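**Q** So the chains spell out like this:
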Amino acid sequence: AQTVTQSQPEMSVQEAETVTLSCTYDTSESNYYLFWYKQPPSRQMILVIRQEAYKQQNATENRFSVNFQKAAKSFSLKISDSQLGDTAMYFCALYSGAGSYQLTFGKGTKLSVIP
Amino acid sequence: EAGVVQSPRYKIIEKKQPVAFWCNPISGHNTLYWYRQNLGQGPELLIRYENEEAVDDSQLPKDRFSAERLKGVDSTLKIQPAELGDSAVYLCASRSRTSRDEQFFGPGTRLTVL
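Chains as they are written, first to last, in our numbering: chain A, 1 to 115; chain B, 1 to 114.
Simulated from the structure, these hints should not be mistaken for lab results. A hint or two may mislead.
As the list claims (entries may be wrong) - Mimicking DSS-like on lysine-lysine, the simulated pairs with C-alpha atoms at most 27 Å apart in a straight line are:
| # | chain 1 | residue 1 | chain 2 | residue 2 |
| --- | --- | --- | --- | --- |
| 1 | B | Lys-11 | A | Lys-110 |
| 2 | A | Lys-107 | A | Lys-70 |
| 3 | B | Lys-78 | A | Lys-107 |
| 4 | A | Lys-55 | A | Lys-70 |
| 5 | B | Lys-15 | B | Lys-78 |
| 6 | A | Lys-110 | A | Lys-73 |
| 7 | A | Lys-107 | B | Lys-62 |
| 8 | A | Lys-107 | A | Lys-55 |
| 9 | A | Lys-110 | A | Lys-78 |
| 10 | B | Lys-62 | B | Lys-16 |
| 11 | B | Lys-11 | B | Lys-62 |
| 12 | B | Lys-11 | A | Lys-107 |
Stated by the list, open to error - Quick look at which bits of chain A chain B covers, simulated, 3 or more residues with Cβ under 8 Å:
| # | segment |
| --- | --- |
| 13 | 84-96 |
| 14 | 105-115 |
Just so you know, these numbers come straight off a predicted model, no measurement behind them. The beta-carbon is built from N, C-alpha and C at its ideal position, and this holds for glycine as well.
Please put together the full structure from these sequences, using the hints given.
**A** Structure below.
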């Protein structure tokens, strides 16, 4: 079974500052993908960034980057130059295409960006 | 390109009543998922369709939940009868055959059972 753990229920950051959200996971699969999704109050789940497990290079998308530590099964999200629009729930998710084809989500971290 | 469409956005019912949710996936997406998201939790998979076939319904409470995806496009998720514990957000997502991993989510239906 796959598991995803987010140990920070809530976090806050000052506007323009940097914040890091933590995620650990467990899977027996060798081929998998990791994601960070953002869910604002509108409830729409929006993909922020993805990481293929076979790639050693950490993914980046503009102000968003990840620190993927495969041996430690750790996948943290760094948000630089935080903006008010970044206020949302952030979910770490694990996808294994080998059989399950499903996303397993963590419980989420509520991020508040303070003006 | 239109995104995943769900309706209704909100539904309030009394316990023991039936309720149905509708999902229209992105055009051409053959895989469709229904998730349930309890308050303060991440989404959990209920059922996955590949075209019109339900290929993973192991987490669907079959005594009261049912789903269908006629013609492999739109899908309906039904609860009959609803219980208080069914209050949650029900999310639909779809994925194309050419996208190995990315799922696109709809806005969800927030169900409140009184």
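**Q** If a hint holds in the structure, say so; if it does not, say that too.
**A** Hints, one by one, checked against the model:
no.	hint	in the structure
1	B:Lys-11 x A:Lys-110	25 Å, holds
2	A:Lys-107 x A:Lys-70	21 Å, holds
3	B:Lys-78 x A:Lys-107	25 Å, holds
4	A:Lys-55 x A:Lys-70	10 Å, holds
5	B:Lys-15 x B:Lys-78	14 Å, holds
6	A:Lys-110 x A:Lys-73	22 Å, holds
7	A:Lys-107 x B:Lys-62	25 Å, holds
8	A:Lys-107 x A:Lys-55	26 Å, holds
9	A:Lys-110 x A:Lys-78	14 Å, holds
10	B:Lys-62 x B:Lys-16	16 Å, holds
11	B:Lys-11 x B:Lys-62	21 Å, holds
12	B:Lys-11 x A:Lys-107	24 Å, holds
13	84-96	holds (count 3)
14	105-115	holds (count 4)
Of the numbered hints stated above, none is contradicted by the structure.
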